[in-house]
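With the hints as extra help, turn the sequences into a complete structure.
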Amino acid sequence: MRFLTVITKAMPRLLGLILAIGIATTPFVSYANPVPSEQALTVAFLYNFLKFAEWPAATATRELTLCVTDSATFGDELDAISGRPAQNKSVRIKRIELGKSPRECQLLFLPREEKPVRIREWLRNTADTPTLTVSNMDEFLDMGGMIVLINDDERLQFEVNLEPVKRVGLKLSAQLLQIAHEVRGK
Amino acid sequence: MGTKIFKRKISIRDVCRQILFFGIILSGGQTVLAQESSDLLDLPLDQLVNVEVTTASRFTQKSSEAPSAVDVVTAQDIRSYGWRTLADALSAMRGLYVRNDRSYSYLGTRGFSRAGDFNSRILIMIDGRRMNDAIFDGVATAEEFLLDMNLIDRIEYIPGSGSSVYGANALLGVINVITKQGKDFNGARVSGEAGSLDTYRGRATFGKQWKNGADLLINGSRFFSHGEEQLFFPKSSSATGGIAQDMDIERSSRLFGKLSYQDFTLRTGYVNRYKRIPTGPITNDNRLYNVDRQYYVDLDYNTQINSNLGMEARAFHHWYDYHSITPYDGNGGGAPLDPIVNFDAVDSRWWGGELKLTGTQFKSHKWVAGVEAQYDQHQHLINYDINHNNSSNNHGWRVGVYAQDEWRITDSLLINVGLRLDHHHMIKNLQLHPRIGLIWDVTPTLTTKLLYGSAFRAPNIYERDINIPAFGFVKNPNNTEELIHSYEAIAEWYAGNGAKLLGTLFYNDLKQVLVQNTDGQFVNSGAYQTYGFELGGEKRWDNGRHLKLTWTHNYTRDESLNGGSWAPDSPKNLVKLHYVEPLFDDTLRLGFEEIFVDRRRTLGNNIAPSYHLFNINLAFTKPIYGFQPTLGIYNVLNQNYKVLGGPINNQDTLAMDGRTVRFRLEYGF
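Residue numbers (the numbering used here), protein chains in the order written: chain A, 4 to 189; chain B, 765 to 1433.
Be aware that one or more of the hints could be misleading.
Stated by the list, open to error - Below, computed lysine to aspartate or glutamate pairings styled on DMTMM-like, alpha-carbon distance capped at 25 Å:
{"hint": "1", "chain 1": "B", "residue 1": "Lys826", "chain 2": "A", "residue 2": "Glu185"}
{"hint": "2", "chain 1": "A", "residue 1": "Lys54", "chain 2": "B", "residue 2": "Glu816"}
{"hint": "3", "chain 1": "B", "residue 1": "Lys947", "chain 2": "A", "residue 2": "Asp82"}
{"hint": "4", "chain 1": "A", "residue 1": "Lys97", "chain 2": "A", "residue 2": "Glu66"}
{"hint": "5", "chain 1": "B", "residue 1": "Lys947", "chain 2": "A", "residue 2": "Asp79"}
{"hint": "6", "chain 1": "B", "residue 1": "Lys1303", "chain 2": "B", "residue 2": "Asp1273"}
{"hint": "7", "chain 1": "B", "residue 1": "Lys1406", "chain 2": "B", "residue 2": "Asp1416"}
{"hint": "8", "chain 1": "B", "residue 1": "Lys1120", "chain 2": "A", "residue 2": "Glu116"}
{"hint": "9", "chain 1": "A", "residue 1": "Lys103", "chain 2": "B", "residue 2": "Asp1175"}
{"hint": "10", "chain 1": "B", "residue 1": "Lys1127", "chain 2": "A", "residue 2": "Glu157"}
{"hint": "11", "chain 1": "B", "residue 1": "Lys1303", "chain 2": "A", "residue 2": "Glu100"}
{"hint": "12", "chain 1": "A", "residue 1": "Lys174", "chain 2": "B", "residue 2": "Asp806"}
{"hint": "13", "chain 1": "A", "residue 1": "Lys174", "chain 2": "A", "residue 2": "Glu185"}
{"hint": "14", "chain 1": "B", "residue 1": "Lys1303", "chain 2": "A", "residue 2": "Glu117"}
{"hint": "15", "chain 1": "B", "residue 1": "Lys1275", "chain 2": "B", "residue 2": "Glu1323"}
{"hint": "16", "chain 1": "B", "residue 1": "Lys972", "chain 2": "B", "residue 2": "Asp917"}
{"hint": "17", "chain 1": "A", "residue 1": "Lys92", "chain 2": "A", "residue 2": "Asp131"}
{"hint": "18", "chain 1": "A", "residue 1": "Lys174", "chain 2": "B", "residue 2": "Asp810"}
{"hint": "19", "chain 1": "B", "residue 1": "Lys944", "chain 2": "A", "residue 2": "Asp82"}
{"hint": "20", "chain 1": "A", "residue 1": "Lys97", "chain 2": "B", "residue 2": "Asp948"}
As the list claims (entries may be wrong) - Ranges of calculated distance between the beta carbons of each label pair, as one might list FRET restraints:
{"hint": "21", "chain 1": "B", "residue 1": "Gly956", "chain 2": "A", "residue 2": "Glu57", "range": "32 to 40 Å"}
{"hint": "22", "chain 1": "B", "residue 1": "Tyr1065", "chain 2": "A", "residue 2": "Asp156", "range": "14 to 22 Å"}
{"hint": "23", "chain 1": "A", "residue 1": "Ala130", "chain 2": "B", "residue 2": "Leu1196", "range": "47 to 55 Å"}
{"hint": "24", "chain 1": "B", "residue 1": "Ile1371", "chain 2": "A", "residue 2": "Asp82", "range": "53 to 61 Å"}
{"hint": "25", "chain 1": "B", "residue 1": "Phe1297", "chain 2": "A", "residue 2": "Ala130", "range": "19 to 27 Å"}
{"hint": "26", "chain 1": "A", "residue 1": "Asp141", "chain 2": "B", "residue 2": "Gly951", "range": "35 to 43 Å"}
{"hint": "27", "chain 1": "A", "residue 1": "Asp141", "chain 2": "B", "residue 2": "Ala1137", "range": "35 to 43 Å"}
{"hint": "28", "chain 1": "B", "residue 1": "Lys947", "chain 2": "A", "residue 2": "Lys169", "range": "57 to 65 Å"}
{"hint": "29", "chain 1": "A", "residue 1": "Ala130", "chain 2": "B", "residue 2": "Asp891", "range": "36 to 44 Å"}
{"hint": "30", "chain 1": "A", "residue 1": "Gly188", "chain 2": "B", "residue 2": "Lys1127", "range": "22 to 30 Å"}
{"hint": "31", "chain 1": "A", "residue 1": "Asp156", "chain 2": "B", "residue 2": "Phe1297", "range": "42 to 50 Å"}
{"hint": "32", "chain 1": "A", "residue 1": "Asp82", "chain 2": "B", "residue 2": "Ile1200", "range": "36 to 44 Å"}
{"hint": "33", "chain 1": "B", "residue 1": "Tyr1319", "chain 2": "A", "residue 2": "Glu66", "range": "55 to 63 Å"}
Honestly, the hints are just simulated from the structure, not real lab data.
Built from N, CA and C at the ideal position, the CB exists for glycine as well.
Here it is in structure tokens:
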């Protein structure tokens, strides 16, 4: 009986010890080279696009504005590039809603969580403005978008459609086009 | 009895100590870790395309694409409006209303509420895990709920039949309470709370995310409220004068822990609530109390096999028990008083698992398929007094298989079809329930939805086996499932600038509803039809201002009442107004809440008058020198409002608390 009491008393402590040892010895293999999330990598790509695009001189601004429509899945990651330099300018992040003018956006990112009808509406709204449109929605180039990011389950690649890029007077550096997985409308 | 409680306290302390130890071990590991999220930004483009990426799901669903008119409140709203319990937050949501009989809080949905049930017609989940217990098939929503309000990230209410995915109990809607993560706290916090009616709460929270992504959240709290010193129940036994002295006392203790690492999340929660019951057969006998205890552990593995296939597997174990001491008058109110003490208890245990797959392989399709099994291992009812000794012991399996597909026919037209097959040990027939939703984006900002769904609820053990003739309960082994067919049309307009307008039209047809007959048996003789509409508008400003107004109008017909008549506890109108004004550059937020509940028919065929509840809350949005104070005033106008008494309360209506004040001070370090 007394033995039983001792055992019962020691039980939670024993359990905790086992748990703690278990955790302490768990090999945390992935520290050295952590695999970044798709979001973090997407933001890194967006930052690079800002570096390698050229906007018409008439629309020169002091800052480079990156607009995003659905910030829900991208909040913290985007804030990481806010204020960083690109082409001697500082990057500004702006959340924008459908119906608002995209005129001040140098780059507009449309996440695939947006509905197709809304993406089409955004593309209509930016058809005449020098705004670089980027999305990670598979059919984005067919819809008339400029750059699409494609996750092939291992890496993030991007494809470019130059036709709308040229139409609004934007230029993309040769280096960027060289790295692109596919370039349409050369 | 006393020693038993003492022992339990010790063991909780031990568990806390162990968890703390466990936390220290974890924190020791952090120096080894390094993550290069900012290094990623310095990589040249030609290297970026070679960086290995974690697989991300393409399976996301926006509320505007969901086959329902979803209503959501967030952690920010909880802070701004000062909601003290889940019940407070739910009564602020579109179409919901809460009745409290000073022992539990009961939820009404769109004009339907059955006084006498324990929230068994709505499914309540924590992070997607079903919380309805295995006895009453219900969920406690006030101090007896598992979570403290500071742990809640958001609450989603999905009105309508949800059996096509969730199985039993998702008759009138599904409520999913989503918890925060350790990183949302990033440190330790303690908070103390004091309020009117001698109400106190102490709470401690620790949350942290380590560089390797491991995230830990631990929270514990204790609550005490003396409640109203004296309550008067005019209808109660003349032998005791109908006065309940010091009978509103309530105590609760809670523990919650959550640990996530990579694809695994382990959650565990415990709540123990003691409540004295002032509405008993002998109002001033302070032996009358209820104790409800609940515990669960849920291990969740959520992974993305590739970007088009996601898998979630989880295993869970729950227990719930309750006991109550009820002294009643053996002479039935006649002199002299003959108190007999009755002991009522339940004890239950259930465990099981779930497997869910989500896929986006096929162009324009998003599918979900899953299987869920729960073994009700132990469903035990006990009741005895000097005259009777009844007990029942039951067990059995619940298994469900389901599939759902969301098919985007064109860019603007979506069809959502779901189907679930259920075996439930309480009923003989297999249950097959569909849901079909047609979702059409008329314009990029206007979405319309047409929905149909059916759902079921099996009788619970309480309705099947309870047998206390002295209190008017007789068992019925032959009762069977309740059914609902629901139809709804919805229009949602995302007007821009954070504004959203919504309108719904709905029709619910409930059949075979379990109601107590004059013999005291639960029989499937109820039938209710509800039709109504809702209008709502909400706007969130960037500076923190928030405005939300919802109106639910409905009529519920109880087919078995006078050959078809207005159902009891069914307010025809619910109007809710919420407004937050940020002050001093959003240092402070002033929240106003007004809830109007229309008059209701009582079980005694009288009218409970309509009421306005007006609450004000003033909260600091950020700590000042580490301290974050909040002040809430509830029922500011000191309205003497009444809710319906249930069949066990002896009273046709019950008066609720007048104006109360609560002050909370939180300290973070």
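What are the numbers of the hints the structure violates, in ascending order? 1, 6, 21, 25 and 28
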